[in-house]
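Engineer: The chain contents come next:
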Amino acid sequence: MTIESVDPDDVTAADILGSAIERREDPALITGDAEYTDDIQLADMAHMSVVRSQYGHARIEDVDTSEAEAMDGVVGVYTHDDLAREDTPGEAPFNLPVGWLLPSLNDVDHPILADGKVRYQGDAIAIVVAEQRYQAADAAGAVDVSYERLDAVTDPDEALSGDARQLHADADDNVAFDWEIGDAEKTAAAFEDASHTASIELTNQLVIPNAMEPRAAVADYHPGTDELEVFMTSQNPHLHRLLMSGVIGHPEHKLRVKAPEVGGGFGSKIHHYADETLVAWCSKLLDRPVKWTATRSETYQTDALGRGHETEAEIAMDDDGDVIGLRVDTRANLGAYLSTFAPAVPTYLYGTLLSGQYDIPAIHGHVTGAFTNVPPVDAYRGAGRPEASFVVERLMNRAAHEMGMDPAEFRRRNFVPDEAFPYETQVAVVYDSGEYEKPMDEALDLLDYEDFRDRQKEAREEGRYLGVGFSCYIEACGLAPSELAGQLGAQAGLWESSLVRFHPSGTVTAFCGTSGHGQGHATTYAQIVANELGVDYDDVEIVEGDTDEIPHGMGTYGSRSAAVGGSSLVKSARKVVDKAREIAAHSLEADPDDVEFENGEFRIVGAPDRSIGIQSVAEQAYLAHDMPDDMEPGLEATSFYDPDNFVFPFGTHAAIVEVDPETGEIEFEKYVAVDDVGNQINPKIVEGQIHGGVAQGVGQALYEGAEYDDNGTLLTGSMQDYAVPKAEHVPEMDTASTVTPSPHNPLGVKGVGEAGTIAAPQAIVNAVTDALEPFGVDHIEMPMTPERVWRAVDASATADGGHDPEDGTADGGDR
Amino acid sequence: MYVSNRHSKGETRRMNFNGTFELEDTTIEEVWLALSDPVLIADALPGCEYLLHVESDDVDFTELSDRADERDAELTGDPEAIAERAFRQGEWYAGQIQVSVGPVNPTFETVVHIDERDQPRMSASGEGSSGDSSFEMSSGMELHETDDGGVAVEWETDADVFGKVAGMGQRVINPVANRLVKRFFGDVQSTLRELQLAEADTPTPAEDEEGGIVDRLLGRSSSNSS
Chain A
1 MTIESVDPDD VTAADILGSA IERREDPALI TGDAEYTDDI QLADMAHMSV
51 VRSQYGHARI EDVDTSEAEA MDGVVGVYTH DDLAREDTPG EAPFNLPVGW
101 LLPSLNDVDH PILADGKVRY QGDAIAIVVA EQRYQAADAA GAVDVSYERL
151 DAVTDPDEAL SGDARQLHAD ADDNVAFDWE IGDAEKTAAA FEDASHTASI
201 ELTNQLVIPN AMEPRAAVAD YHPGTDELEV FMTSQNPHLH RLLMSGVIGH
251 PEHKLRVKAP EVGGGFGSKI HHYADETLVA WCSKLLDRPV KWTATRSETY
301 QTDALGRGHE TEAEIAMDDD GDVIGLRVDT RANLGAYLST FAPAVPTYLY
351 GTLLSGQYDI PAIHGHVTGA FTNVPPVDAY RGAGRPEASF VVERLMNRAA
401 HEMGMDPAEF RRRNFVPDEA FPYETQVAVV YDSGEYEKPM DEALDLLDYE
451 DFRDRQKEAR EEGRYLGVGF SCYIEACGLA PSELAGQLGA QAGLWESSLV
501 RFHPSGTVTA FCGTSGHGQG HATTYAQIVA NELGVDYDDV EIVEGDTDEI
551 PHGMGTYGSR SAAVGGSSLV KSARKVVDKA REIAAHSLEA DPDDVEFENG
601 EFRIVGAPDR SIGIQSVAEQ AYLAHDMPDD MEPGLEATSF YDPDNFVFPF
651 GTHAAIVEVD PETGEIEFEK YVAVDDVGNQ INPKIVEGQI HGGVAQGVGQ
701 ALYEGAEYDD NGTLLTGSMQ DYAVPKAEHV PEMDTASTVT PSPHNPLGVK
751 GVGEAGTIAA PQAIVNAVTD ALEPFGVDHI EMPMTPERVW RAVDASATAD
801 GGHDPEDGTA DGGDR
Chain B
1 MYVSNRHSKG ETRRMNFNGT FELEDTTIEE VWLALSDPVL IADALPGCEY
51 LLHVESDDVD FTELSDRADE RDAELTGDPE AIAERAFRQG EWYAGQIQVS
101 VGPVNPTFET VVHIDERDQP RMSASGEGSS GDSSFEMSSG MELHETDDGG
151 VAVEWETDAD VFGKVAGMGQ RVINPVANRL VKRFFGDVQS TLRELQLAEA
201 DTPTPAEDEE GGIVDRLLGR SSSNSS
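Same order as they appear, the protein sequences are chains A and B.
Reminder that position 345 of the first sequence reads as 345 in the UniProt record's numbering, one-by-one numbering, no gaps.
Reminder that position 132 of the second sequence reads as 132 in the UniProt record's numbering, one-by-one numbering, no gaps.
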């Protein structure tokens, strides 16, 4: 069911939108021709290395830089004291700001170099600048830091227990925030009325984003003009410019942030870290270019983690199996400091999705954020929504079992019905559009579900354990509108800006404030613009990721680029067409109202032979020899597009697995992904996003997890110890789509970048527990390593007195 | 050797190494004697440059290195000579130990405190630091006679490892620890043979034995904390 790629030469502008054309960016990326930040070499460039805390929690008694300073090639060694000095750039406090506030938020200081205390292993203490990279690294090793080690805490429940060492003086009991959503009383009443309830306790483990390209920055300060250029691995250059400008006190209009090619981010390159800012500070201090590239170990130690929830959740049903209430209590691990959007992730990006695809009349969610001695935790592919979907879909499985109903049918009877859209949930959002049964039906078809249940039964009789798991996920993409985001605490608008510019020769450059880093925007955006303007796809070039070139922008995250950036391009292109129409009418000596535009041609209504192409209009607009009265020359338009609402993609993923209870090994027999992401700009790219997303979801379900010891030392700090799935670990996928256009944007798109990651983990956990039902196994924490699976089977077998499920008559016990 | 690092919630996550090493054809007294000698320990421990008695845990390692160069560090089979320099309960010892862990070769400035010394049990705790790595540990061991005329050393170490070395990951650290322990006991075994401690007058811990050297050696006397 793989989608075949199409050569763009075989597609006309009119058909380009929605075609599975090949990605135009790939040749440069796969031949090594593309330029990444670390490829940048500037004359006289120095290199920065960071001295990092070896402890998860410690007081710094002294930093002796003398030996490092005396080493070959060392330009300087700097600590927090040097930042604050009067003869160095910027002014104290040199704290990283948080970009999302909550009423109860303890907005603790986050210094870019440790100010007397370190709070996670990897926290920056000093920086070394040297002529060569190796010299900087060697000298960093020679900086002598005297520590007083303090007790560390890495688990949010332990951090909040009152017994743990406090990280920040002004965050009592390590509470970062206390937040709730929904109606507690109404939900309590629903549970009192319930005839059945089910509950679950689960951990959504910390994961490390693992972008292929490590974070990096090159800063180049020009003292003559006071201009500071920073090339860096960024998902949102304009946002980084704003934040960096504040931290180091450099005027925003004299700061250029450019993202060269960026090799993946998955959220980890949204946030503003200390390192990139320190590179900029060094370049200003030294009047020369400075580069820093994270080592892979630094990537593991300092990239913002994802997930990190401890949750208890309950669901209430009436006699018929209708869900009548749901409540959730979560303790979210925020790490040592508040990263850029950290407060939003376990609150508004999590609690608002607790209704799933279901019509639930009473919901209450309570979340406590905890400071712990791990790196800051922030958005990671899905950001809050995978955690929500995981809780809801695990609970739906438990609930179906409690009701004695088939898990697919139980879900179906509780879906928000088609006619209920737009549907207002009990957790503050309005779903735009949906037909939730369609992907479910398609998935059941692809699974051959009825047949599977027979096969499952037969297999059990042979002592083989097959299981199926469903995940009917929903996500919210393109967080909007800005007014709402502001009310919820965002310290930024969430619109998107673009500029569409015709050149005199008729070719087009379109600039967009999103910042792709592997998503294929150069292709999909060109499809959108070519389609709107009726010009050849090859005549359209896309520019992203440079604050000097692009009017403004909010960046790429939260599956927002197509829905918000793409819509902004549509808006700009339409403005261009409007102006071109007036010029065309002038040239055709007609009233603009009588001029129609189709396939790149302006025609007088009723006189189709009198026409002029938009590319000729562009030439005229720049010649400006004969323009309508009062019209400015040129043909370009800028727009700021602020969406009316989120968009809500949805779908059903399902996995069939076989589990070997003797060894704990899990094998995929089938993985089905049916996604409704609204209209598709490029089905091949949609499919690729689903594949990649599911791979990351498989990673969380089976392999990945950041493990720390009691001192906050990372135990999984290398590719050897932290397992991301390899190709052989990712199942063959049957992918299919349904299409329910979003009514909120001109493209009718919903967003696809995170869907697979949101959907996959719970499909797999549900499948494994279904397979192990005869053993009474009802939950296994992720990652479901063979050891954990084996232990779960072993523990259940022991608990029920050595009951042998292999006699084929097992009823599954209490699940 | 068993090394555990897997944990589930609530369990402690300190690294634990433990094992039993069997030395053939020897007695508890001989092994106790050998393991009481800082010179023998320093010699047997791979990468250990010296191990010297110090007054407290606040150690000037530059000065200590000079002292190490001047000292008499001959291995000996003479119980009296060993008794003179044997570990004493409640005292501090410091040494410099280089360890190769993957691509890094940190030299740890290490200070150890002898927590308990009471034949056949000894326990110690300590910490070591290099520029970008450090460790804290507590160790214990107990000697048993084996059925076939040898001695089993049952040992256990709990350790916390920090910094760059910790970042190498368990898969790198565990084999290193394993190798160190094997080489250490292997060396102890061959040193025992070379020094022919077995042929020396084996002190027997009998009640009527004169006090002094033997008692001090066996960690039984209170006079060892002078």
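Because the hints were derived from the structure by calculation, they are not lab data.
Virtual Cβ for every residue (Gly too), placed ideally from N, Cα, C.
Any given hint could turn out to be false.
As the list claims (entries may be wrong) - Just a few of them, taken from the derived set where beta-carbon distance is under 8 Å, the chain A residues facing chain B: (1) Ser297; (2) Thr713; (3) Leu715; (4) Gly717; (5) Gln720.
Engineer: Now look at each hint and say whether the structure bears it out.
Structural biologist: Structure-based check of each hint:
Here the hint on Ser297 (chain A) is kept, as its CB sits about 5 Å from the closest CB of chain B, short of 8 Å. Of the supplied interface hints, the one on Thr713 (chain A) holds, with its beta-carbon coming within about 5 Å of a beta-carbon of chain B, less than 8 Å. With 8 Å as the threshold, the beta carbon of Leu715 (chain A) comes within range of chain B, its nearest partner Cβ sitting at about 6 Å, so the hint holds. At about 5 Å, the closest approach between the beta carbon of Gly717 (chain A) and any beta carbon in chain B falls short of 8 Å, and the interface hint on this residue holds.
At its closest, the beta carbon of Gln720 (chain A) sits 5 Å from a beta carbon of chain B; the interface hint therefore holds under the 8 Å criterion.
Comparing the model with each numbered hint stated earlier shows that all of them hold.
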